[in-house]
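Undergrad: Okay, here's what each chain looks like letter by letter:
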Amino acid sequence: MTVVPKFPVAIEVDPIALEIIRHGLQSIPEEIEVDLTRTAYSPLIYEYKDYAVGLVDAEGRLIAMPRGGIPLFLANVLEYAVKDGLRYYGREGLEPGDVVLTNDPATLGQHLNNVVMYTPVFGLGGSGDIVGFMTIIAHWTDVGGRYIGSSASTDSTDIFQEGVQFPTLKLRRRGEPVPEVYRLLQANTRFPEQTLGDMEAQLSGCLKGRALFEAMIVKHGQEQVLAAIQAMWQQSEAGAVAAVHAIPDGTYVAESFLDDDGVEVGKRIPIRISVTVQGERMTIDFSEVAGQLKGPFNSGAQGGGVTAARIAFKYLTSPSDPTNDGSFRPLDVILPDGKFLSAGPRAPLARYSAPLASVVETILRAMADAVPERIAAGHHASFGSHRFHGHNPRTGALFSHLDTALGGWGAGRDRDGSGPLKTMTHGDTLDVPVEAQEAMYPLTVEAYGFRQDSAGAGTYRGGTGLIKVYHVDASCNLAVTFERFFCPPWGLHGGSDGAPGYVEIERPGQPRQWVLKASDIHLERGDRVFIYTGGGGGYGPPSARDQALIARDIAEGYVSEQAAADVYGRRS
Amino acid sequence: MFMLAVDTGGTFTDLAGYAPDEGQIRFTKSLTTYGDLIDGIQDCIHKADIPVDELEFFKHGTTLVINTLIERTGARTALVTTRGFRDVLEIGRGNRPNPFDLFYRRDPPLVQRSLRFEVTERMDGRGDPVIAPDRAEVVALAEQLSAAKVKAVGISFINAYLSPAHEERVADWLRDLLPADVFVTRATALSREWYEYERAATAAANAYVGPRVRGYLSRIEQQLKNDGFAGRIFMMGSMGGVLSLERTLVEPIQIVESGPIGGCIGAAAYAEAMGLKNVIAFDTGGTTAKCALVQNGHFAVDPVYYVGGYDRGFPIKAAVLAVVEVGAGGGSIASVDEQGRLSVGPRSAGSDPGPVAYGRGGTEPTVTDANLLLGRLDPAKFHGGELKLDVEGARQAVVKRLSAPLGYSDEDSFVRVAHGILAITQVTMAKAIRRITLERGQDPRDFVLFAYGGGGPLHAVDLAREMHIPTVLIPPEPGVFSALGMLLSDIRVQDSVTLLQPLNEAVLPGMEQAYQTMEAALRRTLESDGTAHDVVFSRSAEMRYRGQVHAVETPIADIKDVKALRRQFEEVYRARYGHADSVNPVDVVTLRAAAHSRMSRPDITRLMQLPEPGSQPAFHERNVYFAEAGHRPTKVYQRETLPAGFSGEGPALIEEYGSTTLIGPADRFTVGSLGEIRVSIGVEDRQARS
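Residue numbers (the working numbering), protein chains in the order written: chain A, 14 to 585; chain B, 535 to 1224.
Mixed in with the good hints there might be a few duds.
To be verified - Within a straight-line C-alpha distance of at most 27 Å, the following computed BS3-like cross-link-like pairs (lysine-lysine) qualify:
hint: 1; chain 1: B; residue 1: K581; chain 2: B; residue 2: K811
hint: 2; chain 1: B; residue 1: K934; chain 2: B; residue 2: K581
hint: 3; chain 1: B; residue 1: K759; chain 2: B; residue 2: K915
hint: 4; chain 1: A; residue 1: K183; chain 2: A; residue 2: K280
hint: 5; chain 1: B; residue 1: K965; chain 2: A; residue 2: K221
hint: 6; chain 1: A; residue 1: K232; chain 2: B; residue 2: K965
Just so you know, the hints here were simulated from the structure itself, not pulled from any lab data.
Computed from a predicted model, the values in this text were never measured in an experiment.
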C-alpha cells in the first residue's frame, strides 16, 4: 500500500500505528502520575500537584507529559537534568537500573526543593542502547536551610542558606541502592519520613514508567516507536506554527513590576517584555527585565525565563494539546545572563516561582491588542503563600502547614473574570480544606468568603478575591509571600484594576500589622491573621456594563451599593 | 406473582419482567419519552403485557437525578452554613484541571450566593461544641427562607462530620418552622466524612433534586396504584443495590447513577451462578464504553462522584459503584485534525443523526460505519431489520473524510482505515480496562471479560486479545442487560464515618463501636422500611500511611489484632502500588459499613428457553475482515437457534436483536446452560507475532 503523506511528516510511519503508539506513550506518564499522587506523603504533591512526570528521549527531549502537574515544569528542567547526567557520566556511564537525582540550581534554576529523579530506558528489552529516560520532578518537603520547609525564605541572600544541593548523584547503581546517598538525604531534611516517603513514591514511579516504556518498545518495535515520536513532534510543531502564523506580525511590548525582593524592601522590580511575531516564529525578549536580585525571588534561565515564556506560548498557541518537544519549536527566547530570570549559580532561589505568574501574564498583556479575543485582564497573580509552622501541642511534633491564595482572574472581551482560582502557574492544585487544617494543626479558620468590591470594574468585571481569617490556637511562626500590591491586577481597554492582596495580623490590644512578605512572624495563641486575596482586572469601560449585571452583583453581594454608585455611576 | 424492572436510559427505556410460574423472562424496549418519562414506562408495561396488579415489586432505574443536576432543572434551593462559610460552595477547591485554559471556569454552584445563609454555631476541629445554635436566630432564618420562596434547603456545618448535633438541631427546627412541602436535608445525614466543600455540595445537590424526585415518584406510585399495583417500589441506587422508595425520598442523591449499575449487578449474578471470581463488566453503547470490576460478588465503590465530570463539575460524597467510562461507542466519530492526526471519539453522532450508514443525515464516519465496512454488521438485519444500513454511503464518507486527508490513495484503503478506526477505539477501551484494573492493583489477565450493551459483544473479543484476557462471556439479551440486572438486584444501604486515628491497640474498641453503631442504624433503616431479610453486613476502612492523604480501602474482617489489620492494609497497598512500608505508622481515616438484604429474584438458571440440546443451528457465510487474516469467509449464526452445549470455531458472527458477537479466526466458543456464550481467546496470532 502506498502512503502519500499530505503533511510534512518526513519520517515514514503509518498514521494508524502512529495513533496507537501516541496513545500508548501518553498513557505511560499518566499512569505514573496517578500512582504518584496516591502514594506521596506530602500534600505538596498530592494536593498542590507540585510535580511533573515526563518521558524524554535519549537526549532529554520531551516525548510525553500529562496535564496533571503544575505548568511550572513545562520547560526544559527535565531535559537539562538529563543532559547534565549525560555530561557527567556519558552514555556508557549510565547503566541499566541506575537512578539519578539532582536539584542542581545551576542546571534547573529552581529552588532546591525541586528534585529531578530519572532512570535510563534501554531498548531491546533492556539490552540495547539508551532510548529515553523516565523522569519525575517533585517538590520535597524540606531539604535543610535556614527555614523549615527550605523554600519558605523571603530574605535569604545566597543559595547556601536555602538547603543542600544534590548535584547529580546516583541513588541506585545497576538496581542497587547507594546507602551513602540515602544517609546524606536522611541527614539533610527536617522531615525524613515525609521526604523519604515522597522519594520512594518518585522512585517507584520512575521504575514502573521505565518498565512500561520498555514493554512498548518490545511490542511495537524500537524503530517504529522512535519514528512515531519524531512524527508526534512534527505534528505538534505544525500546530504551534499554524497558531503563531495566525497572529498578526509585529513587535508587542508590555510592562509591569513586582513589589520587591524581600531584602531590598520597597525597591520595585521592573518586568519589561517584548514579543515579536514574524511569520511562523515568535520571539520573547527578556533583555529589559530587572537584573539578578539580592533576595530569593530569582530563578535560573531554564527554570525561570524559559519556563515563563513557554507557559505563555502554550496559553497562546495550543492550550488543549498534549505537550511535547515539538510544542515549543516556533518559540525563541532572548534571555541575557544575569537577569532575575537567568540568575547565576549562587543566587538565592527560594521563592523562584512567585514572580513567574506575573511574568507570564505580562507576556500575555503584550498580546492584548494583537489577539484581543484571547487575552484577559490581569489576574491576582500572587502565590499568596502563607505557611504556619511550629510545634503542635496536641501531638508534640513539628508541623508545617502551607496554603496559597485563591483570587480573582481577569475579565475577557465577552465575559466576567473567573475564580477564585490559584495563579496561572498553577493547574489542578487543590486548596486545603478548612476541616483538614483544623483537624491537623493548631489553627481555627473563622471565616472564608468573598471580598466585596475587590473585582476590577468594567464592561465585564474581574473575578472576586477572598478573605480568610485564621485564629491561632498555639504559638507558632508564619511566613507569607504576597506580590503585586503596588502593581495590582490590571484592567484592559478601559477596565479598572482589581484590588491587590495582602495580609494583616491582629494581636490583642495592638493595631493591625500589615504584611506582604515575611519569613518568620511570631504568633501567640489568640492572635488572628487576615488573608486578603486580589480580585481580577476589568475589561472595557465600567460605564458600558449591563445594568442588569450590576443589579445582580449588588443582589448577590459581590459589589456594594456604594461601589456601584462610585464606579459604575449607578443610582439606586 | 410478578417481578418487574424498568430502566429509563438516555435513548431507550428497557423492561425486564419475570413470573416464577411462567419461568421465562419478558423483555421489551421503548424510546425514552422526554416529555414525561412515565409515558415510556407505561408504554413498555403495555407492550410487554405486564399484569400490574400481580406485581410483587417494581424496580426502577432512572436518569432523572443526574439529568436534573446537569440540566439545572431542580428546585429553588437554599444552603445554610456555619457563620463565615456561606461561600464554601462557590470557592470549591480553587483548582483548574485544564491548566492552559485562560478562561477556565467551573460550572456555577447549584445555589446562588443570595440564597446561601449563615447560622451562628461552631464545632471545633475535635468535634467539641464552641457555639451552640440559637433557636431565635433560626426562626428569623426560616422567615427569610419563606420570603425567598425556596422549595428545598440543604444544611452543612463546619466540622459536623465529627459531631452532627448542631446540624441535627437546626434541621429539626427548620422542618418544624417551614411549610411541609419544603425539602430539608443536612449534609451529615448523607456523609460523615471530612472536607466541607464536598459535603456542602452533596447537601445542596440532595436538596436541589429532592422536590422533583418526590413529585416524580409520587406520580409513578399513583399511576401504578391506579392500575391495581399493590407491591413495593424500589429504586436502583448508585452503590450497587436497590433502595426503598422511602429512603430514596430522603436521600435522592443516592440514585445519581443507575443504568450502569444494573448491568454490573447482572454481571455479578451471572458470575456467581457460573462460579467466576473475577469479572470485568464491560458495557458499550452508542456514545461510551464503561467498565467495572466484580470480585467475589463485590463491587469497588468510589467515595466521591463528580456531577458533570471532574474538569468542571462538582463533587458528591455518595458511594457510587466505581465505573470507568471512556468516549468510545458505536456512534463515536472518527476525524482527522489539522495536523493529520486520526482520532475517534469522544464526539458521538449518537442516535440522531447517527452513523453515516443510518442514512439520517450523518456525514462523519463512526465506529458503527467501520464495523459495517468490515462485514461485521449485516446491512439488512441491523436491529432486526428495522434499519437498513447504507454501506456505500459509509464507504464514501471514510474515503473522503479520512483516507484522503491521511494520504492513503489506494482504492481499497477504506478497509485499512476502517480497521484503523476500530484499532484506535480499542486502544481507548483498553485504557478504560487498564484504569479499572491496574489502578486498583489488579491484573486484567486474572479476569473474565463480561460484555454487554449494543456494542460490547462486537468489540470484546479483540479487546480481550489485546489485554491478554483469556475468556469472554456474552450473557443472554446483552441489549437489555441493565434492566435484567436490576431485576436481580438486592437491597443495599451503606454508611461511613471519618475516624482519623492512628492504628493502635487504643483505637480498636472505638472502631468496633463505630461499626456497631453504623450497623445498628443500617438495620433500623432496613427494618423501618420492612426490607430486612437475611441481612449481611460488610466492613471496610480507608487507611493510609501517616502523612499521606489518599487512603486505600481495606476490607475489615476482625477488629482484635492491630498486626492483622496492618497486614491486611499492607497487602492491599502493595497490590495497588507495588510496594509497602512496614515501619511507618498507619492511620485509620474512614470506616465504611454496608448492609445487604436479600430480595426474591428470578432463578437465572431458568431464565432462558434454549433450543433442544443437540439441535443443529443453521448458518450462512459472509466475508468479514480480520486484522491478522484479512478477509475471511465467516459463519453467521442466529443466537436464538444455538442450543446449550453447542460449540464452534472462529471466525464466526452470532447475531441477535440489538447486538452482534464477533469471534476471531483463532478463537473457539461454546454456549453454556444459562444461554451465555463463552469465547476462548486463541493464542496463535500472539505467538506468531512474538
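Undergrad: Now, for every hint given, state plainly whether the structure supports it.
TA: Evaluated hints:
{"no.": "1", "hint": "K581/B to K811/B", "in the structure": "37 Å, violated"}
{"no.": "2", "hint": "K934/B to K581/B", "in the structure": "43 Å, violated"}
{"no.": "3", "hint": "K759/B to K915/B", "in the structure": "40 Å, violated"}
{"no.": "4", "hint": "K183/A to K280/A", "in the structure": "42 Å, violated"}
{"no.": "5", "hint": "K965/B to K221/A", "in the structure": "17 Å, holds"}
{"no.": "6", "hint": "K232/A to K965/B", "in the structure": "16 Å, holds"}
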